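Protein chains in written order, with the numbering used here: chain U, 1 to 409; chain X, 1001 to 1127.
FYI, nobody ran anything at the bench for these hints, they're computed from the structure.
In this text, all values refer to a predicted model and were calculated from it rather than measured experimentally.
Warning: the hint list may mix true and false statements.
Using C-beta positions, here's what the derived DEER-type ranges look like [what the hints assert, rightly or not]: (1) X:K1018 with U:A256: 46 to 56 Å; (2) X:A1044 with U:A33: 51 to 61 Å; (3) U:A256 with X:G1026: 36 to 46 Å; (4) U:V49 with X:S1014: 49 to 59 Å; (5) X:K1018 with U:R268: 15 to 25 Å; (6) U:A313 with X:E1071: 37 to 47 Å; (7) U:A256 with X:P1058: 56 to 66 Å; (8) U:P397 with X:R1010: 38 to 48 Å.
Note that CB positions come from ideal geometry on N, CA and C, so glycine has one too.
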Amino acid sequence: MGSASTLEPPEGRASDPDAPSREITLTGQIEFAGRSEPGALRVVAADEVIARVIPANATGADPAPPTITIGPGLRFDEPSSMLRATAGGCLRVADRRVWIDQTLHIPGQLDISIGNIDFPHGDVRIDGNVADLLKVTAGGSIQVGGAVEAAELNASGDIRIAGGILGRDKGRCAARGSIHCRFAENATISSGGDLVIAEESSHSNLASAGKLMIGADAGFKGALIAGRASAARGLSCRVLGSHAGVATFVEAGTDAELVALWASAGPRSQDLRARAKQIRDQVGPLMRNQKHLTRDQKEKATELLYKMDEYEAEAEQLMKAVRARYAKVSPHLCPEVQVAEMIYPGVTIRLRGVEGTTTRALRGPLRIVREDRAGFRAVVLVTEQGIKIALPSTIVPDPLKAIADAMQP
Amino acid sequence: MKILLVDDSRTMRSIQRKVLESMSAGADFTEAADGVEALAAIAAKGKFDLVLVDWNMPNMDGHTLVTRIREKDKATPLVMVTTEAEKQRVLDAIKAGANNYVVKPFTPETLSEKVKQTLEKCAAKAA
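Same shape as in the complex, but just chain X (with noise of 0.2 Å):
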């Protein structure tokens, strides 16, 4: 499984990762501190299977960098994970296209429990 995590938080980026490597053994993870970063990897490592975005990024934020792989990938499972908890921006970040929504302080049982939402909901869109 190829599962990109963006985040300008070295240790956000590593926890997301130790939870995911704890649901999916052999994932091949590629991480990004911004959505410049995260659309780059994207053009040089083709489509990847589970996305975490993170809003508040410098260079271009979560928002953005969600529309953005809308513009052209309408399948891939994007779950947004980041500070902002207020009902307006999960609102938009759903409009925006992300499948899921986890607002930090989380627990790696609530990140594992909405990764799995989330893959479970598209698997079955996709089927």
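The following block holds chain U by itself, in its conformation from the complex (with noise of 0.2 Å):
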């Protein structure tokens, strides 16, 4: 039999080995293609060829012969002998056992001795660190049990840190799901769904399509302090900013991928409505008074009409990815910024076309709003008791409100 993995199963995942039913067992010997080394991950993809099997010896002379039990996720080719997975995941071997797993299990630290992860079937789980320059991308999942150095990880799913993030400004965090960790420190780090932090962000760029919290549970310092945060779904510490007035930048109510698919997209595709909405300002008098045109007029007329069609069509197609977005997105944007305890001075709060900085420490709880009445527009922190402080504000260029425009009919 092929050498042995010391990794050891998971537990409670689809491919559990001690599932009963998808298990079957063959007499003989298991020669697995390409190498195989104790300890070794190997990652296969569906229908990949694992293994051959060798039938026992057929005289009979062995009373026991060896058996190799066949687990979820591989299937045995009778006619050719050959174990083929039935499912892209982790192969794994131990006591005469083979299975996929879909979840990559690293029971320690991920480091060097490992290297990169690129697991595309499942969740990868690390019970350890990750170290610095590492790169772990998965098509699930991503669960670590210790802190992410200066590392990057990918997830199509969430993503959750026992402990923290030093990123040392090179380490990067993105999931198209939830994000949660610990503390966050000079990192970046994107999420598709909310952004959880337990602690303490300092000196990082976030940026979460969903709500971003930072110190929800009680007992938790929930300090945002430097750098750049934006929450398309609303945002909330208990601490923002530092006594000692750094600059901090905080941003709620709009969704980065919107404004980036607008950027794109927006301008070129006004550009070509404009242009179309040109060539019918100059043929309308011509069809409303065909009789009258030449047939080299005519002609050029439905050459016309022929561009103007393009070019609606390449607008339209432009902003087919626009508004998608924007439907999903727009119903639940909410530009407000809720601080539990204290803000401090050096705070640059973004809501929506209007940005204003705080001059003073001033406690929680404040709801930080946006106020827009009759000329007056500003960035308005709201007491627990209703007293609103106007802070300095300026009015600042509000790209929703251009796409908000543009999905008029």
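Each chain sits in its own coordinate frame; assemble them with the hints.
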């Protein structure tokens, strides 16, 4: 039999090695395709040939021929005696049992001895830390039992880090789902869902298409200090800024992906529509007086009408992604920041077209909102008693307004 | 689907082609700049499933082309696409054997709608 892996089977996944019903037992030896080293991780793709089963000696001389148990994720092709993966995942070998696991489990640290992980088939679980400069990519979620140093994590699902992220200005975490970690320092983090930091974020670049919550649970410091933070569905923390007045920038109520889509498609789409309108204005009068047009003018008018149609189709195609994203996110955008305990000077808050900066410390709880009435637009801090304190504010471009206008038929 | 586009304007043939490509993916297009080239294309490639014909062309105009095609082929859908908008002209084209008539300037929607109508009518007649 090929060498047994020292990796242990994980608990409770669909490919549970103790799951009885899908296992078959064969008599014989197993010869793995490719190299198989003790402790080596082997990621296989669906339909990949894993091994050949060499039948036990047919003379029956051996009263106890060796057996192999084939677990989930594999099928045995009798005519060719080949074992083939039915699903992509991590090939597991232990105690004369072979199966495919759709969770990749690293029982200790992820460091240079193991190297980068690229596991498109499911979740990645790392019990220890993730060392500097390593990269982990998962088709599912990533779970880290320790801390993440200056590494790069990318998950199609969620990311959960029991420790913190010590980015050293190089570390990046990106997830399509939510991200949870204990703290973030000099890191870049972006989440398609909520971003939840238990203790503190400092000098980091945070972007959430959901809510950004720092210190949501009691007993945690909940500080957001320096760096930039933006959250489409609102932001909450216990302490915002630092008593030293270090510049901190926060933004709420704007979806970064929507703004980026608009930036790439919007101006071009508007230009095309303007050109189409120009043609319509030019050809319209001619169409009403077709009888007086020469043959060449009629042909030219047809060309222009076709061009107009092309411009409009292209403009609509460019706007398709913008429309889809706008429909998805706009009902949930929340331009509001909540500070439970204290806000310090030097914090700039941008809320959809207006930006204000704190000049002194104020105790919470505070709700920070945008006020827009009768020519007055400002960022306003609202105390628990309902007292409003307007920050010195400036009007800034609001990309969402341009997008909303473009969504009108 | 085999389509023959007959027009002395390359731009016009290009517009017609693009409109019809969006209606019929994988269509096989042949272009001719006048009636003489069109008849040569028919002789070389056999019957087409759709022919679009301009009226005013050098060497052989569209009306003559339609008449000549109909001498041997009563079934192929023929659509006249032309600047000639007078009622008598339309009647002359239909009498010669055109199945439908599109007046320039036309929008892409108008051309596709008329072609669709023509193909449906001819298919119903053939059934």
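We went through each hint and held it up to the structure:
1. X:K1018 with U:A256: 46 to 56 Å: violated (37 Å)
2. X:A1044 with U:A33: 51 to 61 Å: Since A1044 of chain X and A33 of chain U have Cβ atoms about 56 Å apart, the given range 51 to 61 Å holds.
3. U:A256 with X:G1026: 36 to 46 Å: Holds, since A256 of chain U and G1026 of chain X (Cβ atoms, about 41 Å apart) stay within the stated range.
4. U:V49 with X:S1014: 49 to 59 Å: Holds: the Cβ-Cβ distance is about 52 Å, inside 49 to 59 Å.
5. X:K1018 with U:R268: 15 to 25 Å: Since K1018 of chain X and R268 of chain U have Cβ atoms about 21 Å apart, the given range 15 to 25 Å holds.
6. U:A313 with X:E1071: 37 to 47 Å: holds (41 Å)
7. U:A256 with X:P1058: 56 to 66 Å: holds (60 Å)
8. U:P397 with X:R1010: 38 to 48 Å: Cβ of P397 of chain U to Cβ of R1010 of chain X: about 46 Å, so the range 38 to 48 Å holds.
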